[in-house]
Amino acid sequence: MTAPAVSVRRWQGPAAFAAVFSAVAVLALVAAPLLLEPFRLGLLAKYLCYAIVALGIGLAWGQGGMLTLGQGVFFGLGGYAMGMYLKLNDAAGDLPDFMVWSGVEKLPALWKPFGNPVFALAMVVVLPVAVALLLGTLVFRQRVRGAYFAILTQALAAALVILLVGQQGLTGGTNGLTNFFDFFGRDVAADETQRGLYLLVAIVLGALYLGARQLVRSRFGRLLLAVRDGEDRVRFLGYDPATVKTLTFAVSAGMAGIAGALFVPVVGIISPALLGVVPSLELVVAVAVGGRFALAGAVLGAVVMGYARTYFSEELPDAWLYLQGALFVLVMTLAPSGIAGLAANLVRRREART
Amino acid sequence: MEGVLNQLPIGLSIGAVLLLIALGLTFTFGQMGVVNMAHGEFIMAGAYTAYLLQGVGFLIALPAAFVVAGLMGLVLERTLIRRFYGRPLDTLLLTWGVSLMLQQLARDLFGAPNVQVASPAWLRGGVGILPYNRLFIMALAAASVLAIWAYMNRTGQGRRMRAVMQNRRLAATSGIDTGRVDQRTFFIGSGLAGVAGVALTLIGPVGPTLGTYYIVDAFLVVVAGGLGQLRGAVLAAAGLGLLNSYAEFWSDASLAKVVVFVAIIGFLQVRPQGLFFVRSRALT
Numbered sequence: 000m001t002a003p004a005v006s007v008r009r010w011q012g013p014a015a016f017a018a019v020f021s022a023v024a025v026l027a028l029v030a031a032p033l034l035l036e037p038f039r040l041g042l043l044a045k046y047l048c049y050a051i052v053a054l055g056i057g058l059a060w061g062q063g064g065m066l067t068l069g070q071g072v073f074f075g076l077g078g079y080a081m082g083m084y085l086k087l088n089d090a091a092g093d094l095p096d097f098m099v100w101s102g103v104e105k106l107p108a109l110w111k112p113f114g115n116p117v118f119a120l121a122m123v124v125v126l127p128v129a130v131a132l133l134l135g136t137l138v139f140r141q142r143v144r145g146a147y148f149a150i151l152t153q154a155l156a157a158a159l160v161i162l163l164v165g166q167q168g169l170t171g172g173t174n175g176l177t178n179f180f181d182f183f184g185r186d187v188a189a190d191e192t193q194r195g196l197y198l199l200v201a202i203v204l205g206a207l208y209l210g211a212r213q214l215v216r217s218r219f220g221r222l223l224l225a226v227r228d229g230e231d232r233v234r235f236l237g238y239d240p241a242t243v244k245t246l247t248f249a250v251s252a253g254m255a256g257i258a259g260a261l262f263v264p265v266v267g268i269i270s271p272a273l274l275g276v277v278p279s280l281e282l283v284v285a286v287a288v289g290g291r292f293a294l295a296g297a298v299l300g301a302v303v304m305g306y307a308r309t310y311f312s313e314e315l316p317d318a319w320l321y322l323q324g325a326l327f328v329l330v331m332t333l334a335p336s337g338i339a340g341l342a343a344n345l346v347r348r349r350e351a352r353t
Numbered sequence: 000m001e002g003v004l005n006q007l008p009i010g011l012s013i014g015a016v017l018l019l020i021a022l023g024l025t026f027t028f029g030q031m032g033v034v035n036m037a038h039g040e041f042i043m044a045g046a047y048t049a050y051l052l053q054g055v056g057f058l059i060a061l062p063a064a065f066v067v068a069g070l071m072g073l074v075l076e077r078t079l080i081r082r083f084y085g086r087p088l089d090t091l092l093l094t095w096g097v098s099l100m101l102q103q104l105a106r107d108l109f110g111a112p113n114v115q116v117a118s119p120a121w122l123r124g125g126v127g128i129l130p131y132n133r134l135f136i137m138a139l140a141a142a143s144v145l146a147i148w149a150y151m152n153r154t155g156q157g158r159r160m161r162a163v164m165q166n167r168r169l170a171a172t173s174g175i176d177t178g179r180v181d182q183r184t185f186f187i188g189s190g191l192a193g194v195a196g197v198a199l200t201l202i203g204p205v206g207p208t209l210g211t212y213y214i215v216d217a218f219l220v221v222v223a224g225g226l227g228q229l230r231g232a233v234l235a236a237a238g239l240g241l242l243n244s245y246a247e248f249w250s251d252a253s254l255a256k257v258v259v260f261v262a263i264i265g266f267l268q269v270r271p272q273g274l275f276f277v278r279s280r281a282l283t
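For the protein sequence lines, the chains are R and Y, in the order given.
Each residue of the first sequence is one higher than the one before, starting from 0 at the first, in numbering that gives the first Met the number 0.
Each residue of the second sequence is one higher than the one before, starting from 0 at the first, in numbering that gives the first Met the number 0.
Simulated from the structure, these hints should not be mistaken for lab results.
Everything numeric in this text was worked out from a predicted model, so none of it was measured.
Errors might be hidden in some of the hints.
In silico negatives: residues of chain R with every beta carbon more than 12 Å from chain Y [claimed, not checked]:
hint : residue
1    : Leu34
2    : Val124
3    : Leu126
4    : Asn178
5    : Ile202
6    : Tyr238
Which stretches of chain Y does chain R cover? Using the computed rule of at least three CB atoms under 8 Å from a CB of chain R, they are [what the hints assert, rightly or not]:
hint : region
7    : 80-90
8    : 252-260
9    : 267-275
Just so you know, even glycine gets a beta-carbon here, dropped at the ideal spot from N, CA and C.
Using the sequences and the hints given, assemble the complete structure.
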């Protein structure tokens with residue numbers, strides 16, 4: 000299975016790309032905040048957070064061939080780093096509320112540095128990247144790859160959830176971290192703040208998308224594609240596939256961390272249920288539906304699946320799992336390149352006709 | 000000291016269940032390059048078969064669960080997985096979709112809450128630190144491994160299965176109907192998951208998401224044991240079961256999975272292909 004790279008590139012000529020990107024940007028930054036009521040805008044902000052994770056998955060899986068089933072881990076690390084800061088900030092020198100309920104008497108040493116906003120914000124990126132670099136180095140150096148890598152990342156997600164649930168006094172257990180009030184001097188629940196957060200999420204997503212696109216088009220990106228399609232050949236040519244993969248994995252982990260940190264003020268909670276095996280896999284599904292070989296497809300997939308999930312769980316809650324499962328089976332059998340692949344085919348067919 | 004000894008049958012019986020589950024996974028993965036996430040739901044199907052057959056007799060439930068889960072596997076292989084051979088990552092996602100649907104189906108058929116299957120009277124109690132139910136699970140796994148070993152090494156079908164696993168194209172050229180071999184492997188592997196499901200009813204309740212608790216660990220057994228390796232699966236399953244129960248005993252339950260994960264990553268530094276593997280000059 001190879002990506003329809005050539006035709007997609009023609010379709011995305013620089014002028015056409017700039018036009019489409021600006022149109023989407025205007026739609027997202029101007030039209031959406033004007034037209035959507037606050038509740039719907041909040042939902043969109045949430046989907047855009049997921050889209051940032053999906054972008055990372057698109058980079059690692061679609062471009063690099065690394066199926067990562069544990070992006071929830073990095074999402075969670077970023078989210079908890081942000082959540083810990085917000086909790087300490089709200090507590091203003093006292094213990095965070097859930098620690099009092101769990102009978103914790105003294106602030107754990109692990110929490111102390113997170114009272115500092117600069118440290119906490121740095122950790123949002125540093126923690127996921129460090130974990131990904133370590134795991135990537137250990138795994139890819141040994142040429143453990145493909146399904147093995149997927150299974151290991153999934154096992155990590157499962158382990159982290161059990162750890163977070165078990166360490167009630169340290170992490171808030173199943174409830175996670177919630178009940179935030181103040182977000183850098185503003186009331187986090189206010190419509191005004193939420194609209195600002197939405198714009199922030201959209202801008203971050205746009206910037207990361209452009210960055211990822213640049214990365215894919217760079218020499219490094221060519222090498223990444225080569226590793227995906229023929230890792231051994233790349234090694235015989237004198238490159239080091241393990242480094243290429245580890246770095247890409249770390250970039251995708253950093254994106255997930257940023258997404259987690261933005262998710263916390265937008266949705267108001269970070270908990271183990273949001274970052275386990277199932278949510279991690281659901282995002283991979285979203286990327287597959289949108290089209291794994293195009294970064295825009297990954298973003299699109301996350302937003303589409305987010306809306307589908309909300310719509311169907313409001314209208315037909317029982318049918319949602321059937322629908323999701325069936326959709327997945329259909330996409331994998333009939334359109335493995337997802338919506339973006341179908342679109343690229345359409346364009347190619349029209350070009351062939353003219 | 001007694002606590003330490005008490006963990007032994009717990010660890011070994013968990014290892015035995017993991018082994019029953021992992022056998023199917025390691026053969027479908029090794030032979031067909033299929034990562035079957037729906038395997039967990041075959042466990043669940045086996046467990047519900049035992050639930051439905053409660054009045055009929057526990058020993059009837061074992062072969063019944065084998066056939067039910069085996070047929071489910073066969074249908075899945077024929078309808079979907081067959082199209083995806085050699086694309087392990089795609090099969091992983093595809094079968095996850097199937098597994099979601101099967102879980103919802105179980106919820107609709109049997110209800111979302113867990114159900115309890117009453118253990119037969121002759122499996123209650125125990126000798127010393129060895130409860131009968133856990134002993135029975137270990138014996139069941141041992142018997143299954145013996146049967147699989149005999150099947151693979153003493154029958155024509157098993158020989159063909161090994162041939163396909165080692166070199167599919169050469170086996171096909173030699174006149175082996177690889178499609179039929181694949182179907183049989185799938186049937187047997189899925190059936191064993193059903194048997195594992197019956198075994199699980201002896202040590203806990205049954206629910207629609209039963210399979211999800213074991214599937215990740217079972218995959219780790221495959222990773223650590225080596226692809227398609229019977230010996231590897233046995234040793235890795237026992238090791239993982241014991242490591243799990245002792246890590247829970249010495250640290251606490253929430254850290255155990257992290258300990259296991261770190262141990263697996265550490266182990267892969269020494270043996271990246273697992274405990275046992277077929278040496279070949281092909282690029283891995």
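How the hints compare with the structure:
Chain Y leaves leucine 34 of chain R outside its interface by the beta-carbon criterion, the shortest separation being 34 Å against a cut-off of 12 Å. The non-interface label for valine 124 of chain R is consistent with chain Y: the shortest C-beta to C-beta separation is roughly 23 Å, beyond 12 Å. Here leucine 126 of chain R stays apart from chain Y, with its beta-carbon at least about 15 Å from theirs, past the 12 Å limit. Distance check on asparagine 178 of chain R: its Cβ is at least 23 Å (rounded) from any Cβ of chain Y, clearing the 12 Å threshold; non-interface status holds.
For isoleucine 202 of chain R, the condition that its CB be more than 12 Å from all CB atoms of chain Y holds, with the nearest at approximately 31 Å. At the 12 Å boundary, the C-beta of tyrosine 238 of chain R stays outside the reach of chain Y, the nearest C-beta of that chain being 16 Å off. By the rule of at least three residues with a Cβ nearer than 8 Å to a Cβ of chain R, the coverage given for the region 80-90 of chain Y holds, with 6 such residues. Counting residues of the region 252-260 of chain Y whose beta-carbon sits less than 8 Å from any beta-carbon of chain R gives 8, enough to reach three: the coverage restraint holds.
Coverage of the region 267-275 of chain Y by chain R holds [criterion: at least 3 residues with CB-CB distance below 8 Å; count 3].
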